[in-house]
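As you go down the protein sequences, you meet chains A and B in turn. Once you know that position 449 of the first sequence is 449 in the working numbering, the rest is easy, because the numbers rise by one and skip nothing. Counting from 1 along the second sequence, just add 1000 to a position and that's the residue number in the working numbering.
It cannot be assumed that every hint is accurate.
[What the hints assert, rightly or not] Partner residues aside, some chain B positions facing chain A, computed with beta carbon under 8 Å:
(1) PRO1058
(2) ILE1060
(3) ILE1061
(4) ASP1126
(5) LEU1488
[Unchecked claim] Coverage of chain A stretches by chain B, computed from C-beta distances (three or more under 8 Å per stretch; other residues unrestricted):
(6) 185 to 194
(7) 209 to 216
Hints were generated in silico from the structure; no laboratory data involved. Glycine residues also receive a C-beta, built at the ideal position from the N, C-alpha and C atoms.
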Amino acid sequence: MLLRHTPKEVMERKALTINPAKTCQPIGAMYASLGIHGCLPHSHGSQGCCAYHRSALTRHYKEPVSASTSSFTEGASVFGGQSNMLQAINNIFSVYNPDIIAIHTTCLSETIGDDLPQIKKKAERDGLIPKGKYLISASTPSYAGSHVTGFSNMVTAMADMAEPTGKKNGKINIIPGWVEPSDMEEIKRLAKMVGVKIILFPDTSGVLNGPLSGEYKMFPDGGTTIAELLSTGDSIGTLALGEWCSADAARLLDKKHKVPCSVLDMPFGLKATDRFIDALRTVAGVTVPDEVSVERGQLVDLISDMHQYFYKKKVALAGDPDQLIAMTEFLVSIDMCPVHIVTGTPGKKFEKRIREITSGMGCEVNVKAKGDLFLLHQWIKNEPVDLLLCNSYGKYIARDEDIPFVRWGFPILDRQGHQYFPTVGYKGGLRMLERILGVLLDRKDRDSSEETFELVL
Amino acid sequence: MVTKSKNKTVQWEPADIKAELLKKYPPKVARKRAKQIMINEALENETPEITANVRTTPGIITMRGCTYAGCKGVIMGPTRDIVNLVHGPVGCSFYAWLTRRNQTSPGPDGANYMNYCFTTDMQEQDIIFGGEKKLEAAIQEAYDLLHPKSIGVFATCPVGLIGDDIHTVTANMKKKFGDCNVFAFSCEGYKGVSQSAGHHIANNQIFKHVMGQNDEEKPGKYKINLLGEYNIGGDGFEIDRIFKKCGINCIATFSGNSTYDQFASAHTADLNLVMCHRSINYVADMLETKFGIPWIKINFIGAKATAKSLRKISKYFGDQELIDKVEAVIAEEMPAVDVVQADVRSRTEGKTAMMFVGGSRAHHYQELFAEMGMKTISAGYEFGHRDDYEGRQVIPGLKLDADSRNIEQLEIEKDETRYNPRKSSAELEALEEAGYKFKHYDGLAHDMDKGTLIIDDLNQYEAEKLVEIMKPDIFCAGIKEKFSIQKLGVPMKQLHSYDSGGPYAGFKGAVNFYNEIDRLVGSRVWSYMQAPWQKNPQLSATYGWE
């Protein structure tokens, strides 16, 4: 047994987190920053933070992840990191020459109270930021929230770049939240099909799913351009996908520049995608083309065709709030029973939303924000499930308890595909169901006796 | 910045390459980097001086990690029956969770916490009001839940800044429990200049809190400790297999697949073998001073190096029975190695490699590449010190700078009752006269050719330039560097965590490595960089329909 010391009996823990279902803010900020074209993410802290975040993102995407660090030493930790940051800005523009540096803080620089806006002013005064280049910053203390909060904080810093001209650009801002490059691509495809012009930010497609061609581009072709980010204040409105990841940025644009916003769930599964497409056509005043309805119909068709394999199957899930809310709704909508749901990210609304979504399901549901995978495992020992949806760390639970397992979330360190194949939209829903069916039916085949083993399923 | 890899054309002069690497830097950075890039002169016992173990320049995309990574990630991570509890915000513990590919086997006692990640997940109120209470509660919960032999507590950056006294908390908990050794590591990420400081801190605490705790005599005739072997990809398992076959008893491995009791009993061994000089030479020195155990540098990376190291061990014990056994084992193992080596070499001979890893691997792996007929044209360490480059003779002259001074240096004295010189001075002298070297390490520069480039703390920009100019057939570093190099169409092998491979140590490991490098440099994929229409963009004829 891999997790041989995990007892079935749940002991309440107040201080000890075991096998966390979250990580810290800065990695979210780094991921978001990579979704700006020509951007170098910068970690203001000791160099280990930057090394860990780059390693984790690289393992997840199997792509280069460039980011720099202020490389704090003990001296900088005592006297403040301004001198390191100014040196870094000068070196970064001299050596790497990005269009924009997106700086995030760490627990180290937050604890000593480094003030990034003030350091930025000093850099401007000292002429360290070349003309036409940008520097944005987000406060991302690791001791508050989670990687999701860090992502949201950096996306909010992007929204803060808006410089309205007073003339509407005829576009809709879409803030996709922490989804994969493939998902961002899919959101763009859907918007194009519906006939809506959008500014998607951040956009990691073309950055973290790049080709191998014998050419290395430190700043790949993808990413939201600075011109687009400056223009978000001129958009007709903003659709924020996910309360945790995207709402703050949308509300900032609303408050600061009167760009109205609507906060939707991430478009995972049938119903959330329906609401997304419906919102798109409403805000843009267009008719949804038949191709989109056909894609929707295909998803409904698959649900109907294979319903017997989903019906009443118990599922355990771990992940981030926005993703879990939409995925739980999707599972309930196909008559599966998500019974154990854990996120490490804090937020009271999460448990409430999950309770609402699962209320008519007819079975007991364990749900916890600020939970961990150790607790999830204990719940599973007490109430076994037919399927586990979790990031790669779930494989230890899946193997010990012999549960069909679909890798979903961040990080995925041992399988491929998340960069290339979306989970959002109707096509994403089809893929998700294909994967779920794959593991459920493999299990059925494995466990069938020779007499009951069947060709046609 | 766009770089395209082209076919080899110009043979560069090392001085030109160095100049090219420095060209884009602001003057201050260029001056500093110039001292960390050395053109090797390959002189016996006398190499040019290189600057190493100095601060990384802010903003320069370094390969390095932090002190916490060196302490928790490298040294303590692979121990299986100590609960490693990270005191800090969640991230540091999360990122060091199962990512280094240290393998473990639970053994007969069944304790294995390797697959778990323990953290106090400090919140804002802990930063403001102090985290000692939470740490204390977390230790208690870990104890109640798991009843481990030992709990190690690791400090992350904010812990040192807010002044949590983790050593007092752990000492109190140790006293309270009575049957669980609780101790702490002040390994905040901002200390030192790289992972290296973390190794030192880990070594110190293990030495202070665990070593010498179990005097029970362990069975075996030829008792050794293996220091600086972390069982990445199962390296330690392969070395254990060879030891077992030779009749050599490994009391403790530092720290691949190690246990608390191994550390506690290490002082009962008769010889210390130092594998990774950088991370562990401190422990070897301390064990010698306190308990009288001599140490030698060995290397199990490379089949020849493995054979040489085994002979060095048998020569130390001087027992004909062991000498014969070691020879028999080498004779038995080598034919299988030779067969694969000869086959692979027919394809790899004359190819070139670069490696920038660790504090020892950039040196050790040159042996394996040499066995395949491949030449190392440039190498360097991520966190090495001058002695790792130039040899241990430079140690007395090393100056402590501000960043090294804040890492504790233990003053070790002879143990009053347990100090026991394993060999008489006459015996030691006789061995030395016969060419045997104790406490000796020549460093990396000594083994590299004249005109090769030795570069300390290589960064992303320089790596890309080196590959672009020198066009090696393979580049070795870590995960962060892997894909930017491969985008250039050059295969990249991770030598920290071995990608998905291993073991690469010992005899079987050598075979695995030959095959892996053969696969990488010979892969068909490198010929697919361009589509047919990119190779011939101009249409010269219309399509001929059949």
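Evaluated hints:
no.: 1; hint: PRO1058; result: holds, 4 Å
no.: 2; hint: ILE1060; result: holds, 6 Å
no.: 3; hint: ILE1061; result: holds, 5 Å
no.: 4; hint: ASP1126; result: holds, 7 Å
no.: 5; hint: LEU1488; result: holds, 5 Å
no.: 6; hint: 185 to 194; result: violated (count 0)
no.: 7; hint: 209 to 216; result: holds (count 6)
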